[in-house]
Amino acid sequence: MDHDTEVSRQDEFESVPPSLRPPTQYPKWPWWLAGFLLVAGVAIGFLWTVTVPYYTLSPGPVYDTSDFVHVADGNLDDTGELFFLTVSLKEANAFEWVAAHFNEKVDINERENVRPPGVSQEDLRREGLASMDQSKRDATYVALTQLGYEVTLIGTGALVIETVPDSAADGVLMPNDVIVEMDGQVMAFRSDVIDFLAPLDIGDPVTVTVERPDGEDPDSFDVMDFDLVLGPHVDDPERPMLGVLLDNSEPIVDFPVDVVIDSQNIGGPSAGMMFTLQIMDQLTDEPMTHGQRIAGTGTIRVDGTVGPIGGIRQKVFGAIDAGAVAVL
5 MDHDTEVSRQ
15 DEFESVPPSL
25 RPPTQYPKWP
35 WWLAGFLLVA
45 GVAIGFLWTV
55 TVPYYTLSPG
65 PVYDTSDFVH
75 VADGNLDDTG
85 ELFFLTVSLK
95 EANAFEWVAA
105 HFNEKVDINE
115 RENVRPPGVS
125 QEDLRREGLA
135 SMDQSKRDAT
145 YVALTQLGYE
155 VTLIGTGALV
165 IETVPDSAAD
175 GVLMPNDVIV
185 EMDGQVMAFR
195 SDVIDFLAPL
205 DIGDPVTVTV
215 ERPDGEDPDS
225 FDVMDFDLVL
235 GPHVDDPERP
245 MLGVLLDNSE
255 PIVDFPVDVV
265 IDSQNIGGPS
275 AGMMFTLQIM
285 DQLTDEPMTH
295 GQRIAGTGTI
305 RVDGTVGPIG
315 GIRQKVFGAI
325 DAGAVAVL
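With the working numbering applied, the sequence shown covers 5 to 332.
Please note that the accuracy of each hint is not assured.
What the hints assert, rightly or not - Computed Cβ-Cβ distance ranges for the label pairs, DEER-style:
no., residue 1, residue 2, range
1, Pro121, Gly327, 36 to 44 Å
2, Asp229, Pro203, 20 to 28 Å
3, Pro203, Thr83, 34 to 42 Å
Treat the hints as calculated values from the structure; they're not laboratory data. Glycine included, each C-beta is placed from N, C-alpha and C at the ideal position.
Could you build all of it, start to finish, from the sequences and the hints given here?
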C-alpha cells in the first residue's frame, strides 16, 4: 500500500546542497550616504576644535527671584512669579560661529569688544561676580529706602575706572585707585569729586589722595598723594578736567532688615531691578504680580534709576520661552 509522504518546504530546502542554494539577500545600504555622514562628522569635529575671535550671545536661563532672595519675616508671593533674565556669553568655536548665522536668537560679537587684549576669561568672570555683589547691595538699599526704612550708607571714596589719555590723571592715577581726599577734603562718593572740581579753573593745582590696591589682597592698599594740575575738558575747553572716569567705591551699609540674596555664582549686574522688586514684594502685603508671571532685567542704581540693559533681544526670547506675560 502506497502512502503519500508530506515533505515541508523547509525540509525540502534543507535537502538542497549548500552549493546549489540561492545566495542570501541582504538589504542594500546606501554607501554614499554613509560616506557623506563620515565626512560631515569629521568636518564638524574639526570645526569644534578651531577657535575663532568671536563670542556668541544667546538667551540664557530664566530664574525665579524668590529662589534667590530671602527676607527675614518676608511674605513669599505664591500666586505669581518675578523672573530675572540672563544671557549666555560664550567664546565660540568655528562650528558655533557658523551655526550662529542660522539662529535668529544668537548674536555674534568680536572678541575685542567683549574681552579686550590683556583681559583673560577669568578676569571677566571676576568682574561679573563683583558687579553682581554690588547689584545685590544696591537692590537691597533701594528696596528698603523705597519702603521707608532708614538705611545707613557710608561712602568709602570714588573708584577710578579709567583715565582720559593726555589728561592730568593719565599715567598717574590707575584703574581701581580709590580717591578718598582732594586737597584734604574727604571724598565719600563720586558726586563729591564732581562737586569739588566744579568751581575750579583750568591750571588750578589739586592734591589727590588715593588708596591703591596692594597686590592680590583686596583688604591691603597703599595711601598715595599726587599733585596734579587741571587741564581743559575734552568736551568743553573752557571747563577744567581731572581726566578720570569714576564710580562709587563699595560703601559700608547698615540694613535694618535682614536680606540675603544668594546669587549662586551668577555674574553681572542686570538682575538688580528684579531683586529690588522681589525684596519689596516680600515686605508688602499685597502681591506685586497679581498672580502673573513677570520677567525683567536691568541694573539698579542707589537713586532708584534703572541703568542700561545688555542683550535685551536675547532676554526677550528667554521671557517668551518662560511664559512671561510682560517684560520690565
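So, going through the hints one by one against the coordinates:
1. Pro121 <-> Gly327: 36 to 44 Å: holds (42 Å)
2. Asp229 <-> Pro203: 20 to 28 Å: holds (22 Å)
3. Pro203 <-> Thr83: 34 to 42 Å: Between Pro203 and Thr83, where Cβ atoms are some 54 Å apart, the hint is violated.
Consistency note: the structure conflicts with earlier hint 3 alone.
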